[in-house]
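Residue numbers (our numbering), protein chains in the order written: chain A, 1 to 277; chain B, 278 to 487; chain C, 488 to 778; chain D, 779 to 998.
Hints listed in this document are in silico derivations from the structure and should not be mistaken for laboratory results.
All figures in this text were calculated on a predicted structure; none of them were measured in a lab.
Note that CB positions come from ideal geometry on N, CA and C, so glycine has one too.
Don't take each hint at face value.
What the hints assert, rightly or not - BS3-like, lysine-lysine: derived pairs with alpha carbons at most 25 angstroms apart:
(1) C/577 / D/893
(2) B/439 / C/734
(3) A/208 / A/6
(4) D/847 / B/346
(5) B/366 / C/640
As the list claims (entries may be wrong) - Computed footprint of chain B on chain D; a stretch qualifies when at least three of its residues, placed anywhere within it, have a C-beta under 8 angstroms from a C-beta of chain B:
(6) 779-793
(7) 803-809
(8) 900-913
(9) 916-928
(10) 941-950
(11) 963-974
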Amino acid sequence: MNFWNKIDTLDRRWVYLLVAISVILPFILPVKLPVYITPETQQLYDAVESLPDSSIVMLTFDYYPSTIAETEPMSRVALHHLFRKNIRIVTVTTVPLGGPSMAEQVTREMAEQYGKVYGVDFVNLGYKANYVAVLKGMGSSIEAIYPTDNLSTPLSELPLMNEVKNYDDIDFIYVVADNGIVDYWISIVNALYGTPVGCGVTAVMAPKFYAFVSAGQMTGLLGGMKGAAEYELLLGQPARATTGMDAQSLMHLLIIGLVLMGNIGYFAGRRQKGKKA
Amino acid sequence: MSGMEIFVLWLEAFITLAIFSFLYKDNPVYHMVESVFAGLSAGYYIGLYWKSIILQQLWEPMTRADNPKWWLFIPGIFGLMMFTRLWPKYSWISRIALAFVMGSTAGVFLITQLHGLVLPQMQKTMLPLVNSKGLEASFLAVIVVIGVISTLIYFYFSKEHKGFLGVTAKVGIWFIMISFGAHFGYTVMGRVSLLIGRVQFLIEDWIGSF
Amino acid sequence: MLKNSKIIPILITAFFLFLFLTVEPVLARDSEESAFRTERINALVLVLVFSAAVLLYTRWAKQGKTLFVRKIPGIDAVEEAVGRATEMGKPVLFIPGLQELDDIETIAAISILGRVARITAQYETPLLVPVRYPLVLAAGQEVVEQAYTELGKRDAYNRDIVRYVAGEQMAFTSTVNGMMMRERPAANIFMGAFFAESLLLAETGNAAGSIQIAGTARPEQLPFFIAACDYTLMGEELYAASSYLSKEPLMLGGLKGQDFIKIIIVILILIGVILVSFNVGGWYYKLFEMA
Amino acid sequence: MRTTVPVVIAFLSGLVLAVSIFFRPDKTIIGQLEPELLVWVTIIGGFTLFLGAVSITRVNFNAVQRRKKGWGYSLLTLISVFVMALPSLLPSTWSPLFGDAEGSIYDWLFQYLDKPMMATMFGMLAFYIASAAYRAFRARSAEATILLLTATLVMLWRVPMGEAFLRSIHTALPEWINTYVMNGVNMAVQRGIIIGAALGAASMSLRIILGIERTYMGKG
């Protein structure tokens, strides 16, 4: 048995070990593999960057707990960027399970960092069932759909909401989603009310939406963890997505390397057998 | 952190590590967690079905005061028929309910597959091979048309794959392999994200709490 | 074939009478929008042509015409795998997918289970069928019990061959994975609807050294089965398997009818492509509109 | 009787559902039958869960009673089923621990035991996808070579470094992969498989409605 024979018949547990190492390593030792900014990410960043001071942005938390590894970093970069530019934020969710509490938790954590005040700088409206009706209804009156915020405070008691009546008062909609709701933000809200919409979606969904960006229906797009990592680079604040992307890159390169090694081993083994015969 | 929070955190870490230990080999700790998992999830579904089906979809609509759906006693009887399975002598009665379920499923699928899948997929394949969008769009259209047709031909059962049919089927299997390779490669990222989520929990939330 | 075939025409007549009676008054009341969804007429035509083709081939089969169907290696492998399990004296593990019986893929899987159970009954090979949904449990027990009874092997039958394991997808998977490592089945057969667990099951089975045959109609899971299993039935091969394994000419009628329609579909697509390319296909394209 | 009744029931229910899709629900009774009958199927499934409970209890109880190898695990499963299910069936008016609202035993077990178990099982996929790729992607035949080359190309394209590498070969290469491989070949093949499988499903359905396929009654 020479080296390549062993490679050909490697115990799968060695593969598992390599996988574990390449995912854990970036958390302990930042590898900082290069990240390249794609035009779609740049476009979203520029759109937010060009919003005037104290504009109002609607940020959505349209994702389930199962995809937070990909989606939460996007919410975080969005919050960083918006709070940093003193933009006021209204958050909503169309996901019943966990949606409202995730929005509450992440937003408050980030607000604390930037010294923002609930009700003045940001408001969490929470969840209401039947998303098509919700998305349409907010076009005429947000208060009709959400009489209170997520913690049951009437909107009239929240200073920010006195300025926001419907989509006309919102300068930009920043959607973070892991499901088909994105189509409705585009086909209902952007198409009918003209508010610009930028999106962060999971990597699996992203290819479908590039066409929306080139058609101008969508102002910028973040594709999965990679998009979030690019955004972190633009913000100059590497965080979870950058670490995650390092792990992603290592894993992809590891699998490619393994396939390569496996094939060399396979052909070396075959050549040896050929000689013996 | 409260005592409860610490307990929950350590419980989750224990579960995570116990399941991952299966990667090395099957072991009593994994077997234990697996047994609990199976039992809990069966119990979970009992609670779920009781509330969301028996109460919400059968009992409430049947017994409400205004406009009761009295006819729901029919599926109720079908449902009770299933219990005859517990007595082998009468278990043939349950076949009536099974036949109803299978027949209904077949009825729905007969139409929805042909109407909801075949028609629109056929329509979307009718792409112009020559069009104003340029060479790239034409090339893409050619790929899609050849891909769909050769894949369909690959599954043709009525003749041996020889001659022209054989060539088309060969093209079909090559297209299929390209597609599967692409799909496999594409899925890696999503799977790794799920693992990163777990590792993040273990390193940042659990070890980070020490 | 059908002892009760006389009853069918009577039922159809009664059914259309009922239809007529419920539709007629409504049509008279409101003529603007008919009760019949005229926009779905294209689907109706497709269904009728399809049914006619299947029935015609079935009729020919009944009259004794031989219908040729090429070999499908993945399905032949099912018999070989059960044979190997018999030689080794180890069990066969069959998983009829992770969907409830209201999915046609599961029904296809249950039919295949019926065929597999006949082979295991014949050789008295142990069979294990863990299921995730209760209706699948009932249907699975029914087909397995019947297979054993018909072959006169009632003694070898045990109603816990088909067993309810767990309700949740991943709980089911972890239990089956444990089962594979402990019982070391000689053959694992995965048929029906699978989701992310496809790879979890197939990789574990591979590590346990079992021969593996998978079949699913879900294109997004096929790459993983292809990578981790010895044979994979793709798409319609899953639906063909039960007919093919039955070896009854009558059952092949459906397959042949399906093939006939497939050729028609290919021709219709080609006509569409030509018409659309010359920019004269608008009307034709609309014929296939789903409504 | 034992064969005829089920065949007739399957035929009728199948036919009614197939026909009802062609009628407007607001105008005819037959058009309303489709959603209604599907609720019926769900209800029957709801009853059947009781059989599932009997099955899992019997298998594990037998193992415990006969002290089969590993009976301790079976006992654990049995206990888990009842600890989860029983409190959820009791009315929450008796105690906040009953029912399925937040704070109940049912909800607590789901949140803190079930959920992390599911998440970890999903996390295992990353290990398995790597080992499957390593073992299966060998250039044994032309088909296998195509499979492994496409997979490698797409994996490269997905990560920043790989994408930069591909761009250095040809600037448009990443876009070509997206256009021709993902949206071209991949989409076309999926479509072909979907059409074929739909025909297979329809033919299977027809066999069931017409009573040709009767495996569920033990008749070939």
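Hints, one by one, checked against the model:
| no. | hint | verdict |
| --- | --- | --- |
| 1 | C/577 / D/893 | 35 angstroms, violated |
| 2 | B/439 / C/734 | 24 angstroms, holds |
| 3 | A/208 / A/6 | 43 angstroms, violated |
| 4 | D/847 / B/346 | 50 angstroms, violated |
| 5 | B/366 / C/640 | 17 angstroms, holds |
| 6 | 779-793 | holds (count 11) |
| 7 | 803-809 | violated (count 0) |
| 8 | 900-913 | holds (count 8) |
| 9 | 916-928 | holds (count 8) |
| 10 | 941-950 | violated (count 0) |
| 11 | 963-974 | holds (count 12) |
When held up to the earlier numbered hints, the structure conflicts with 1, 3, 4, 7, 10 and fits the remainder.
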